[in-house]
Amino acid sequence: MAKEPELRNLDWQTFQEMSTSEKGEYFTVNDKPHHVLNAQQFTRPQLDRLCELATKTRTISKTREGALFIQDLLCEKRAMLYFSQPSSRTFLSFYAACQIVGLKPAEVRDTSTSSELKGESPEDSVRTFSSYFDVIIMRHPKGGFADRIAWMLSQTERAIPVINAGSGKDQHPTQALLDIYTLHRSFDQAGGIENRDIAFVGDLARGRTVRSLAQLLTLYPGGKQYFVAPDSLQIGDDILNILDQAGVEHEVTGDFKSTIPKVDAVYMTRIQDEWDKAHESKDIDTSGFKFTAAHLDLLRDDAIIMHPLPRRDEIAPDVDKDPRAMYWRQVRNGMWVRAALLLSIFERDRDIDAYFDSLQ
Amino acid sequence: MAKEPELRNLDWQTFQEMSTSEKGEYFTVNDKPHHVLNAQQFTRPQLDRLCELATKTRTISKTREGALFIQDLLCEKRAMLYFSQPSSRTFLSFYAACQIVGLKPAEVRDTSTSSELKGESPEDSVRTFSSYFDVIIMRHPKGGFADRIAWMLSQTERAIPVINAGSGKDQHPTQALLDIYTLHRSFDQAGGIENRDIAFVGDLARGRTVRSLAQLLTLYPGGKQYFVAPDSLQIGDDILNILDQAGVEHEVTGDFKSTIPKVDAVYMTRIQDEWDKAHESKDIDTSGFKFTAAHLDLLRDDAIIMHPLPRRDEIAPDVDKDPRAMYWRQVRNGMWVRAALLLSIFERDRDIDAYFDSLQ
Amino acid sequence: MAKEPELRNLDWQTFQEMSTSEKGEYFTVNDKPHHVLNAQQFTRPQLDRLCELATKTRTISKTREGALFIQDLLCEKRAMLYFSQPSSRTFLSFYAACQIVGLKPAEVRDTSTSSELKGESPEDSVRTFSSYFDVIIMRHPKGGFADRIAWMLSQTERAIPVINAGSGKDQHPTQALLDIYTLHRSFDQAGGIENRDIAFVGDLARGRTVRSLAQLLTLYPGGKQYFVAPDSLQIGDDILNILDQAGVEHEVTGDFKSTIPKVDAVYMTRIQDEWDKAHESKDIDTSGFKFTAAHLDLLRDDAIIMHPLPRRDEIAPDVDKDPRAMYWRQVRNGMWVRAALLLSIFERDRDIDAYFDSLQ
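Protein chains in written order, with this note's numbering: chain A, 1053 to 1412; chain B, 1053 to 1412; chain C, 1053 to 1412.
Bound conformation, chain A alone (with noise of 0.2 Å):
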């Protein structure tokens, strides 16, 4: 096995200056994800390995001794939660994986209420902070202050792993993750992923989830991606840029309705209008880019439907009963995904593999 890049011999620079997915390969332990600091640095062998891992560690919690089993694999080490940026649904997801798995939890808000106060520097805090635990678990406004932690930390003795629970606009890699787990759970029995036709619809201008997915899905070919949304909350040209390089197959439209009946996975979205500058996602018609009841019957019958939540009007209530509306499993595909991914970084994966086949 070639040695892998080690982040401890790049200086700050030379790092920074990388692209996303060269940046992929530092983050990288024996094959496995050690960081987690973007979607574009997950290997296709690395994705499947995660869903499958996800889909064996919620089997085995089905009982009571399974799930202890579990509980039991990381219940030597302790994670903090770093969120200065609120968020109810992404901590709680992340808090519970942890609580799967063993790992003891603790949480951190509101720094600028302490130390910051007293004058010190955000990375000294975050050192200080992660003197106490296994893992950072953390989410923070700025792009790319994951990113810097983690190098900062691999310049010291205990550069413990770096999970991005969400930064700035750009990045929110275990949603990518747990996006493509939803896809994979409900293809898995019907060939999988590749050659997936999928929809994204509503505010695809901003808002990270598309554009990590739409940019993870050039690992699994044959698929076709439509756009479809207003044209001032379009997909942007580097994204379609991305999939032309890849050879993916894609097409930018208006008429959502006419798309419904093409795919295999309409990917619904909000209207992010936190990012407006003068409000002025008001004046752009979006009624043509919501999920009614009467749409069900345009779409496939093995079709799903997902979105990332929080959702506002853009999927009617009365849709929720469906078996194809996969949303709210795609919460829980989610936590699932993060326990995983907690077992991989800290090699206890096999045990995972033993105990599944001990079942069989």
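To be clear, the hints were calculated from the coordinates, so they are not data collected in a lab.
The beta-carbon is built from N, C-alpha and C at its ideal position, and this holds for glycine as well.
Accuracy of the hints is not assured; some may be wrong.
Said to hold, decoys possible - The calculated label-pair distances, taken between Cβ atoms and stated as ranges, are: (1) B:Asn1061 to A:Asp1374: 18 to 26 Å; (2) A:Glu1332 to B:Glu1077: 48 to 56 Å; (3) C:Pro1097 to B:Gln1412: 44 to 52 Å; (4) A:Lys1373 to C:Glu1209: 48 to 56 Å; (5) B:Asn1082 to C:Asp1124: 33 to 41 Å; (6) B:Arg1210 to C:Lys1114: 40 to 48 Å; (7) C:Asn1293 to B:Asp1349: 47 to 55 Å; (8) B:Ala1242 to A:Pro1375: 58 to 66 Å; (9) B:Ser1073 to C:Asn1082: 52 to 60 Å; (10) A:Ser1073 to C:Lys1194: 51 to 59 Å; (11) B:Asn1082 to C:Gln1207: 40 to 48 Å; (12) C:Ala1345 to A:Lys1221: 32 to 40 Å; (13) A:Asp1374 to B:Ser1073: 31 to 39 Å; (14) C:Pro1375 to A:Glu1332: 50 to 58 Å.
Please build the complex by placing chains B and C on the supplied structure of chain A, with the hints as guidance.
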């Protein structure tokens, strides 16, 4: 055994229009509380059983071995404490109860800062969060919100139990439970709660504690209830009607001093001026409704003093050391009866019985 | 063994009027700290024992088996972290220490929003909360509040231990402990802390860290203390008097550069301008009291640099990689000595000894 009616078979309109006590049977599974949403849902056998379980649980916990046994019972499960209203007291009591039975707790507060800002409905928020957990313990300012959540979850594939830890002005069922358990413990060796006379003192017009307990005591026949308060803070006619229908003797009075020697329990309460509309409480003379050291001589030797806490000056601190002052033990009783409730909800009560029997 | 005096036999007036060091023996049970309320309460044997325990605890924790052993020692107990003042640093250190020894932690913050709004006394609040837990770890802005709580609980049936995690301007005893432990670890293989010369640098007038450590070091004879600061931030005469009484040599100086080569430890501190009355710190020239890379050449090879953190610019970041820079290890030392303290308070220290011996 007759099949219990199921919440999921009701539509919201029908459910919402039921009386509090009618709703009760929909919260029951195997004759045990599944959801705990109001004080009126408890039957006498359920109350007797929960008191018995609470005492067994605390007895077993006295040894390290016993504490470890109990901690193991629910250790594969996770509880969400969803407190959108501040309450250190109830929060910590439930938190400690979870720790005692091994349930791994996670906390949600300040939900307004997160997804609700993004336009998500409160139902969607709670459904999302509930995805990660096995039980919801919730406090909410809006009356009926916990009912709504229990019903909403009953319509999904993960209808986990919901415990109301205080909602609006009306319901705080586990406070009523701990009051019953305190009476039970105090009189268990001397004939039980039946035929006991109790005086409720202070602000009887507002505050759910007295209203709930007065109603629950109709399940224990033979006692007389005294309502001792200034006219403007007296108990509502709705409660007196309920007592009348149940054939419970009662007396409404403004004479605290002459009531004390007559009763087995004096239940003191605080003036709840947080419900004032225009500081009207300031004009009420409450000076005659405080328990001071001087009143100790009036109290029977075997009577007890209760208070739901927090107190202001309605009980003087020098009363605390009197052995009849039960309010500090009441606090610990709350933790134990909540632990018992959790064990019962998850059907681990028989394990408690078996371990307890093995100690005899 | 002479019977130890008991806090519960003192009235508040008498207790309050005692000197800090007189109070100490009332905090002791079986020659071990029971309450930990001030730095002056520790005896030399207690400090030696806690350092020994901290090292054994971290050594045992290096293996998973050892970590699990330690985690089991207090796993039937619960700790309340009552922090009414923000402090992520100390909070997390204690939180992790609890997790290491198995103590289940619960957090109370922001008590103002809850029961104190309803007119409850702070004593009643803490007594209520303490009902659910086995130890209180508390930080409070009011000096003496932790003393008050320890005394108040001593008058009840549940006199659980109280650990002061920082109160007002004066006391932060576990910070002093971790400083002692850092000196102990640094010099353990080379004769110990006795006869060591130490320079305190920076803001010596304010901040409890230096004041506590200077006093504690009187228990280790033979060393000289240097106080290196601008005149207006120099150490108080009260401390110098204490050193004189203990026969400890000391020197007050403004010359940082010439002091560095003379000492075994340089203890840097931050200008604590949060205690300024009118931004007076801005007019003080502190430029000569910063440790830069250039100073490393002046420092003895076997000397160390300490800092309680957070730092501003009083230590340049490029000093961090020097092996003599001990401040990051100091952080972890804090966690371990707090874990040792908890084990000692609950009398599980002999179990640590036995397990440690079994490893040899």
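Structure-based check of all given hints:
Checked against the given bound of 18 to 26 Å, the beta carbons of Asn1061 of chain B and Asp1374 of chain A, roughly 20 Å apart, stay inside it. Separated by about 53 Å at the C-beta atoms, Glu1332 of chain A and Glu1077 of chain B satisfy the suggested range of 48 to 56 Å. Separation of Pro1097 of chain C from Gln1412 of chain B is about 45 Å and conforms to the stated range, judged on CB atoms against 44 to 52 Å. A beta carbon spacing of about 54 Å between Lys1373 of chain A and Glu1209 of chain C agrees with the range 48 to 56 Å that was offered as a hint.
Distance hint for Asn1082 of chain B and Asp1124 of chain C: a CB-CB separation of about 35 Å, consistent with the stated range 33 to 41 Å. Take Arg1210 of chain B and Lys1114 of chain C: their Cβ atoms lie about 41 Å apart, and the range 40 to 48 Å holds. The beta-carbon spacing between Asn1293 of chain C and Asp1349 of chain B, approximately 54 Å, falls within the hinted interval of 47 to 55 Å. Distance hint for Ala1242 of chain B and Pro1375 of chain A: a CB-CB separation of about 59 Å, consistent with the stated range 58 to 66 Å.
For the hinted restraint 52 to 60 Å between Ser1073 of chain B and Asn1082 of chain C, the CB-CB distance of approximately 55 Å keeps it satisfied. Between Ser1073 of chain A and Lys1194 of chain C, the C-beta spacing of about 54 Å keeps the proposed range 51 to 59 Å intact. In this structure, Asn1082 of chain B and Gln1207 of chain C meet the distance hint of 40 to 48 Å, their C-beta atoms being roughly 45 Å apart. At roughly 38 Å, the beta carbons of Ala1345 of chain C and Lys1221 of chain A sit within the given window of 32 to 40 Å.
The beta-carbon spacing between Asp1374 of chain A and Ser1073 of chain B, approximately 36 Å, falls within the hinted interval of 31 to 39 Å. For Pro1375 of chain C and Glu1332 of chain A, the hinted distance range of 50 to 58 Å is satisfied, since their beta carbons lie about 56 Å from each other.
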